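Undergrad: So the chains spell out like this:
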Amino acid sequence: MIDAHDSLIVRTMARLLIPLIQLFAVYVLVFGQYGPGGGFVGGVMLGTSLILGILVFGPEESPCRLANKVVHGDGIGLIIFAGVGGLCLIGGGEFLNYSDLEIPWVTTDSRRRFLGILMTQIGVAVDVAVTAISIVFSLSSSDESEQPDD
Amino acid sequence: MTLWFEILLLILLVVTAAGAILVKDLISAVFILGSYSFLLALVWAWLGAVDVAFVEAVVGAGLATIFFLLTLFGTAPKDTHLRRSAPPRLALLGLPVLGLLLLYAAEDLPRFRNPASPASVHVSPDYLSNSLEDTETPNVVTSVLMDYRAFDTLIETAVIFTAGVACVLLLGRKRE
Amino acid sequence: MIEHIVAWLERPNFIAFVIFFLWGIFIMVAHANLVKKLIGMYLVQASVIFLLVTISAKSQATVPILQGTDAVQSESPTIDPDQYSNPLPHVLTLTAIVVQVATLGVSLALVTAIYREYGSLDEDEVLQRIE
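Protein chains in written order, with my numbering: chain R, 332 to 481; chain A, 513 to 688; chain Y, 4 to 134.
I should point out that these hints are in silico values taken from the structure, not numbers from a laboratory. Just so it is clear, the structure is predicted and the values come from calculations on it, not from any experiment. Any given hint might turn out to be false.
[Unchecked claim] Which bits of chain A does chain R cover? Going by a derived footprint, with three or more residues having C-beta under 8 Å, they are:
hint, region
1, 573–580
2, 634–647
3, 653–667
We put the beta carbon where it would ideally sit given N, CA and C, even for glycine.
Let the hints inform the model, and build the full structure from the sequences given.
TA: In structure tokens form, the structure reads like this:
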């Protein structure tokens, strides 16, 4: 249902804007602990950059083949988040208690919690980004894709 | 000067909400709803909730508008023009009564901008005082969200994942 | 009666919440178009989140980000909790906003599936075509 846009200005601006939005999204994600931001906003902005590509170029063109591949990894964000919590169980800790996280060259408890927060924020960002792209693909799919029941 | 800015912001908020409701064309209503989300984000930034304003501006004014527009683009133009029907009398009578009941409970709620309200005196000062030495994170909202209350965030991530899977199950994903 | 009105005027956020909440419910009940009902649901959710955030505001309080590099680098910073906005409702609000948009996505997927099956967004026509 979404066709590629045929205006040269829109296509050129989209080609310029998509990497800039992704750069800003990674900045907001990583600096979420020193200022406003964090996992959710970074993830939604990452998803938005690929949604812009889908809306301007259509789902089949080359900037969006990444989006087509990315939606196959639908649960990876949840696995990262729960995985970090599970890693805290190694060595007798509690689930999601980052001060029991075993990282070899980190000494203080507060540093471990800092790194635990960073890793879970990355997990949340991946999850939200992939879900946003997946919902946009679903809402823009068309009816001929329904196949007879197997 | 800032008082005029606040009053202007609140008037614009009510005007855009009214516009989103009373406009006859659905696509225009969706755009006005996006501007309502953006003004709401400005109000929250003025109240001191910058993380919330950030998320609301990106998610409410961006993602919600995209979802609505993608749904409306798949329908014919005859469906996006609304027809006026008579409002049900039960709603017209019952909802103001409900409103008066809610306002009757207003005295027990904390006053606006009160530092001693019950929401701010139990655990929250401990989080504010201990967040820096426990987690080296100046942003207290992020440290509370991802460290002190990490379980809520884990289950919320599962909810988002389930919503994505539900959309795929309902509609399929490939085009043509 | 006068003290009731004074109590209401001291809590303008609650009055705004009640107005938007009831207006959103009225839209969900009174309009027949399915997408318009979803706009009403969005307004109801936005009003509840509005109430949550305004409970956390304190007078002359700043954003809940502990002040700059002095707090980070000094040995034992003294932090006065009354100077910062309460961060707990912000946490609940972040979760609520993202769940709101996920719910909106699923509801819109349901509306699209209904449109594909019955060809109309108006609930009276859909009910007629079901029979």
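Undergrad: A separate judgement is required for each hint: does it hold in the structure or not?
TA: Hint check:
Counting residues of the region 573–580 of chain A whose CB falls under 8 Å from any CB of chain R gives 4; the rule of at least 3 is met. For the region 634–647 of chain A, the proposed coverage by chain R is satisfied: 3 residues have a C-beta within less than 8 Å of a C-beta in that chain, meeting the threshold of three. Three residues within the 8 Å Cβ limit are the bar, and the region 653–667 of chain A against chain R gives 10, so the coverage statement holds.
Checked against the numbered hints above, the structure breaks none of them.
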